[in-house]
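Peer 1: Protein chains in written order, with the working numbering: chain A, 237 to 571; chain B, 237 to 571; chain C, 20 to 229; chain D, 20 to 229.
Bear in mind the hints are in silico, worked out from the structure with no lab data behind them.
Here are the computed lysine-lysine pairs in the DSS-like style, where the Cα-Cα straight-line distance is at most 27 Å: (1) C:K86 <-> C:K141; (2) D:K72 <-> D:K86; (3) A:K238 <-> B:K466; (4) A:K238 <-> B:K238; (5) B:K238 <-> A:K440; (6) B:K238 <-> B:K440; (7) D:K141 <-> D:K113; (8) A:K440 <-> A:K238; (9) A:K440 <-> B:K466; (10) D:K86 <-> D:K113; (11) B:K238 <-> A:K466; (12) A:K466 <-> A:K440; (13) C:K113 <-> C:K141; (14) B:K440 <-> A:K238; (15) D:K113 <-> D:K72; (16) B:K440 <-> A:K440; (17) B:K440 <-> A:K466; (18) C:K86 <-> C:K72; (19) C:K72 <-> C:K113; (20) C:K141 <-> A:K367; (21) D:K86 <-> D:K141; (22) D:K141 <-> B:K367; (23) C:K113 <-> C:K86; (24) B:K440 <-> B:K466.
In this text the structure is predicted, and so the values were computed from the model without any measurement.
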Amino acid sequence: MKKLINDPADVVPESVEGFVQAHADIVTSSGDPESLFVARAGGAVSGKVGLVSGGGSGHEPLHAGYVGVGMLDAAVPGAVFTSPTPDPILAATQAADGGAGVLHIVKNYTGDVLNFETAAELADAEDIAVKAVVVNDDVAVEDSLYTAGRRGVGGTVMVEKIAGAAAERGDDLDTVLAIATHVNDNVRSMGVALTACTVPHAGKPSFDLPEDEIEIGIGIHGEPGRRRIKAAPADEITDMLLDPVIDDLGLSSGEQVLLFVNGMGGTPSSELYIVYRHARARLEALGATVARSLVGNYITSLEMQGASITVLRLDDETTRLWDAPVHTAALRWGV
Amino acid sequence: MKKLINDPADVVPESVEGFVQAHADIVTSSGDPESLFVARAGGAVSGKVGLVSGGGSGHEPLHAGYVGVGMLDAAVPGAVFTSPTPDPILAATQAADGGAGVLHIVKNYTGDVLNFETAAELADAEDIAVKAVVVNDDVAVEDSLYTAGRRGVGGTVMVEKIAGAAAERGDDLDTVLAIATHVNDNVRSMGVALTACTVPHAGKPSFDLPEDEIEIGIGIHGEPGRRRIKAAPADEITDMLLDPVIDDLGLSSGEQVLLFVNGMGGTPSSELYIVYRHARARLEALGATVARSLVGNYITSLEMQGASITVLRLDDETTRLWDAPVHTAALRWGV
Amino acid sequence: MADLGIDWALSWVRAAAATVTEHREHLLDLDRAIGDGDHGENMYRGFTAVLGKLDAAEPSTVGDVLKLVATTLMSTVGGAAGPLYGTAFLRGAKAADTDALDAAGVAAVLAAGLEGIVARGKAEVGDKTMVDAWTPAAAAAQHVADSGGSAAEALRAAADAARAGAESTDPLVARKGRASYLGERSAGHRDPGAESSALLLETAASAAGA
Amino acid sequence: MADLGIDWALSWVRAAAATVTEHREHLLDLDRAIGDGDHGENMYRGFTAVLGKLDAAEPSTVGDVLKLVATTLMSTVGGAAGPLYGTAFLRGAKAADTDALDAAGVAAVLAAGLEGIVARGKAEVGDKTMVDAWTPAAAAAQHVADSGGSAAEALRAAADAARAGAESTDPLVARKGRASYLGERSAGHRDPGAESSALLLETAASAAGA
Ligand SMILES: Nc1ncnc2c1ncn2[C@@H]1O[C@H](COP(=O)(O)OP(=O)(O)O)[C@@H](O)[C@H]1O
Ligand SMILES: Nc1ncnc2c1ncn2[C@@H]1O[C@H](COP(=O)(O)OP(=O)(O)O)[C@@H](O)[C@H]1O
Ligand SMILES: [Mg+2]
Ligand SMILES: [Mg+2]
Ligand SMILES: [Mg+2]
Ligand SMILES: [Mg+2]
Numbered sequence: 237m238k239k240l241i242n243d244p245a246d247v248v249p250e251s252v253e254g255f256v257q258a259h260a261d262i263v264t265s266s267g268d269p270e271s272l273f274v275a276r277a278g279g280a281v282s283g284k285v286g287l288v289s290g291g292g293s294g295h296e297p298l299h300a301g302y303v304g305v306g307m308l309d310a311a312v313p314g315a316v317f318t319s320p321t322p323d324p325i326l327a328a329t330q331a332a333d334g335g336a337g338v339l340h341i342v343k344n345y346t347g348d349v350l351n352f353e354t355a356a357e358l359a360d361a362e363d364i365a366v367k368a369v370v371v372n373d374d375v376a377v378e379d380s381l382y383t384a385g386r387r388g389v390g391g392t393v394m395v396e397k398i399a400g401a402a403a404e405r406g407d408d409l410d411t412v413l414a415i416a417t418h419v420n421d422n423v424r425s426m427g428v429a430l431t432a433c434t435v436p437h438a439g440k441p442s443f444d445l446p447e448d449e450i451e452i453g454i455g456i457h458g459e460p461g462r463r464r465i466k467a468a469p470a471d472e473i474t475d476m477l478l479d480p481v482i483d484d485l486g487l488s489s490g491e492q493v494l495l496f497v498n499g500m501g502g503t504p505s506s507e508l509y510i511v512y513r514h515a516r517a518r519l520e521a522l523g524a525t526v527a528r529s530l531v532g533n534y535i536t537s538l539e540m541q542g543a544s545i546t547v548l549r550l551d552d553e554t555t556r557l558w559d560a561p562v563h564t565a566a567l568r569w570g571v
Numbered sequence: 237m238k239k240l241i242n243d244p245a246d247v248v249p250e251s252v253e254g255f256v257q258a259h260a261d262i263v264t265s266s267g268d269p270e271s272l273f274v275a276r277a278g279g280a281v282s283g284k285v286g287l288v289s290g291g292g293s294g295h296e297p298l299h300a301g302y303v304g305v306g307m308l309d310a311a312v313p314g315a316v317f318t319s320p321t322p323d324p325i326l327a328a329t330q331a332a333d334g335g336a337g338v339l340h341i342v343k344n345y346t347g348d349v350l351n352f353e354t355a356a357e358l359a360d361a362e363d364i365a366v367k368a369v370v371v372n373d374d375v376a377v378e379d380s381l382y383t384a385g386r387r388g389v390g391g392t393v394m395v396e397k398i399a400g401a402a403a404e405r406g407d408d409l410d411t412v413l414a415i416a417t418h419v420n421d422n423v424r425s426m427g428v429a430l431t432a433c434t435v436p437h438a439g440k441p442s443f444d445l446p447e448d449e450i451e452i453g454i455g456i457h458g459e460p461g462r463r464r465i466k467a468a469p470a471d472e473i474t475d476m477l478l479d480p481v482i483d484d485l486g487l488s489s490g491e492q493v494l495l496f497v498n499g500m501g502g503t504p505s506s507e508l509y510i511v512y513r514h515a516r517a518r519l520e521a522l523g524a525t526v527a528r529s530l531v532g533n534y535i536t537s538l539e540m541q542g543a544s545i546t547v548l549r550l551d552d553e554t555t556r557l558w559d560a561p562v563h564t565a566a567l568r569w570g571v
Numbered sequence: 020m021a022d023l024g025i026d027w028a029l030s031w032v033r034a035a036a037a038t039v040t041e042h043r044e045h046l047l048d049l050d051r052a053i054g055d056g057d058h059g060e061n062m063y064r065g066f067t068a069v070l071g072k073l074d075a076a077e078p079s080t081v082g083d084v085l086k087l088v089a090t091t092l093m094s095t096v097g098g099a100a101g102p103l104y105g106t107a108f109l110r111g112a113k114a115a116d117t118d119a120l121d122a123a124g125v126a127a128v129l130a131a132g133l134e135g136i137v138a139r140g141k142a143e144v145g146d147k148t149m150v151d152a153w154t155p156a157a158a159a160a161q162h163v164a165d166s167g168g169s170a171a172e173a174l175r176a177a178a179d180a181a182r183a184g185a186e187s188t189d190p191l192v193a194r195k196g197r198a199s200y201l202g203e204r205s206a207g208h209r210d211p212g213a214e215s216s217a218l219l220l221e222t223a224a225s226a227a228g229a
Numbered sequence: 020m021a022d023l024g025i026d027w028a029l030s031w032v033r034a035a036a037a038t039v040t041e042h043r044e045h046l047l048d049l050d051r052a053i054g055d056g057d058h059g060e061n062m063y064r065g066f067t068a069v070l071g072k073l074d075a076a077e078p079s080t081v082g083d084v085l086k087l088v089a090t091t092l093m094s095t096v097g098g099a100a101g102p103l104y105g106t107a108f109l110r111g112a113k114a115a116d117t118d119a120l121d122a123a124g125v126a127a128v129l130a131a132g133l134e135g136i137v138a139r140g141k142a143e144v145g146d147k148t149m150v151d152a153w154t155p156a157a158a159a160a161q162h163v164a165d166s167g168g169s170a171a172e173a174l175r176a177a178a179d180a181a182r183a184g185a186e187s188t189d190p191l192v193a194r195k196g197r198a199s200y201l202g203e204r205s206a207g208h209r210d211p212g213a214e215s216s217a218l219l220l221e222t223a224a225s226a227a228g229a
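Just chain A, with the same shape it has in the complex (with noise of 0.2 Å):
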């Protein structure tokens, strides 16, 4: 394992810290590495729905990387791949509320849905009124009552960005919540990796993958995906993540999308265009219009090399949110 680091427990702490200092102008943190989390510089927006996302490290720019004026108000790093625990979750909603209560924007990872649940019985109890949303949007997990269901992934980056604008504009708890659960019903996604991550304290790589195989249908926690394949030219690679999101959405002609190519870490953004030409060149061929797009690392996968694939069905109300002035470290426009 070679990465730039120093003690692998401290990784997240100094990369936090550096990530503060760098973007102070955004940014501030609880500096206390026992409940660790980033909020907006300002502090809570009196009167505004707070906006809380956070979950294991390793994602980055996930979560601290949205923290800022239009979309989340605080986010909680947990250890690499760890869901953080209820505490520092308790500590971010407190200082996300502006009185207007707080949503809680979950990936849905077993860990993640258990800390967050916790951590909103305990705001409960303090009188803060918390609801969440559940980012469920990869398509390479079957959805089923029986099992721990879909996963959270490029889709959480939508959720944020749109949620966060209604929440700006001054949308009440439950309205925000709504937006956010329709931005979560209109989305799905589809990942590949070319090459397996090393977990800092692991200090081995997730998996072993032989020079001419990919896994197609991972995750962001560098777990192996739901099949093997050999190394394919990215068109193949495309229509592989992209059918199965096409087809779960159930797409039509004359549809306005937003599409996602988003990197998982390691890979060039060249690569990613690549992708994003061919998946676009698709979806126009299907009668769809791509009238947003977003391409590079927005929630990665350590070091991995990979890419998913992301498409949102907009409509008038979330085209506008999304084209809303967001002002983060890893998102910024209009300001």
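Got chain A sorted already, so can you dock chains B, C and D with the ligands onto it with the hints?
Peer 2: Below, chains B, C and D with the ligands alone, put in the same frame as chain A:
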């Protein structure tokens, strides 16, 4: 070699095609694969000095990611790690010319210098006034009259942003050149590689690096560095990169700097912030103020793991120009 | 046939911390195979924190010890294991309402722990989770209690059953937790949480001299 | 002792394209070691383009052929090699102002090519560049011309000298081009441009039947 590409020969045109589609609000391309360049969607700005840069591909988002208001007018992507030929540089120069002349921003590599020189001669023959700034900020390479001199690396981003802002506010060609030269004179960089990268048409890594060794003093073309050492903690590596930068810059207490920690393409941003944290502490211990920061993949070497540190000495004017609005695919603020 | 009091509880927890440290890498490897490669680190972080708190706190009953473990795991482990083990220990603490546990007490604590895990995680036997270790363990302890055995015998039976339960997860296709994302590919690997559960119950039995 | 005319020039260029294709990977490897791993691809792209143009254009003199090569390399190779070879062939084309080259003509073309490379790249012998192949090649051709040899003999001498010159770059520490960034580490590797120069001159000699 595993990459999200189709035919290695199509990497650059397909990637540029996707890039231009995804950012159609900002950029357009010549469309001609024989003479490929990317230019502002709106065309040349009448009366404004045009800024053109370019070079081998594989350093994305450099340079096409910096085309847009407040930065470049056109960018010329060559084959991977290969300077473009004079023809597309000339075509881009013509496209960028708003009647006030064009500044070529050239990284100091023999190929780039020669091809831009020829293009400038050809442009001159068409009565376009062209000046060039040659960026050479890499302190890993000794500067001497008898060698190829220093490479242009991270400082290029600073030159493009700041000269771009000067051109945007209406400075004339000589003034923009003077500002670009001033930035180049006050910026220094040095880089480290944890892994090699693989040029698509080569199909093999650019060098072999054992699991416990790293290369200090690398450039951005996958070339080996000045020396190979055992892997070390991030803080130590940061010292090795920063010491010669501080030294060569002659930085002293009380000065203001911009600290730019750049990822080589395959390193997660969490690690870059760990490097940033220590570099910042070192600069502050010296009595310098880190007044501006940039952390991320801004000038890369395909999927190489590693980082470079760039320090730019700031004054009021360069700070103002750095802060000026910019609207490109890879850098955006104030708009 | 001594009942198990505070001394047993303290030596169990210390032994558990040592076992988790010793098996950190093995649990990491199990979780790398079908999860996200952190279970060993999570348990190690949690039990190291428990050791730290144990010295400062002065627990006087089995219930105190279990509660301390519960809150510490809850606030330091994170992931799925943190809330699940946390809830298990919390409910176990509530069930341990006497100074010393007899076999029935051991069975009650394990039943309460299992109930907590199921309440939070909604997994059933066969889903390839820690429930596959806890369910037979709780049943075995109850069986010993019903047939008049000692607390130590109940723990030994529970530990053996948990071990068998953990091993039973090897061929299963996961339906809960991260391994479920792998579908069929999860078969042929042991569930890390079932393994750590078996390890913890083994130290509980050993600490009871069984 | 036939002079070398259009037929020689055409067969040289076709043979050069074949040689560059054959040695593409080898030139890539040389450039991976001390450069950026593209020289083989650059030369391959350039000479493939030359072949394409050759069919359409109808060059009638040696100068025409060399000029076509020059402009095509200039506009398709890029990098350092593109302008350097482009200029070399352009100046060589100007020097080839007769229908057929005798030994003096060969020497003049090579001298002009070398001059072009030096004018653009400012390298000296010993800097570990293609100049280390071209300088002895031009001198050897001149020597044959001075001693009354044939054009083919001049090319053979040039090719042999270029080969030796390319080999002479092995121990050198580079002072120009990308390899110079490596400092001492550039020693022990052949300069890719010197190698491709030797290959091109070898095909020139072979095409002349020498
Ligand atoms: N729904 C569930 N019910 C019971 N146990 C579960 C459930 N989900 C996960 N687990 C247990 O948690 C273990 C994983 O713990 P850990 O790796 O620490 O957390 P995470 O999965 O969040 O990374 C699994 O091996 C499994 O035994
Ligand atoms: N200043 C120079 N003078 C002469 N030849 C040079 C000079 N710089 C580079 N070269 C030659 O160019 C070759 C490299 O060509 P190539 O790899 O195609 O271009 P690049 O270096 O731009 O990647 C070197 O091996 C060397 O022979
Ligand atoms: Mg985890
Ligand atoms: Mg090159
Ligand atoms: Mg895990
Ligand atoms: Mg080269």
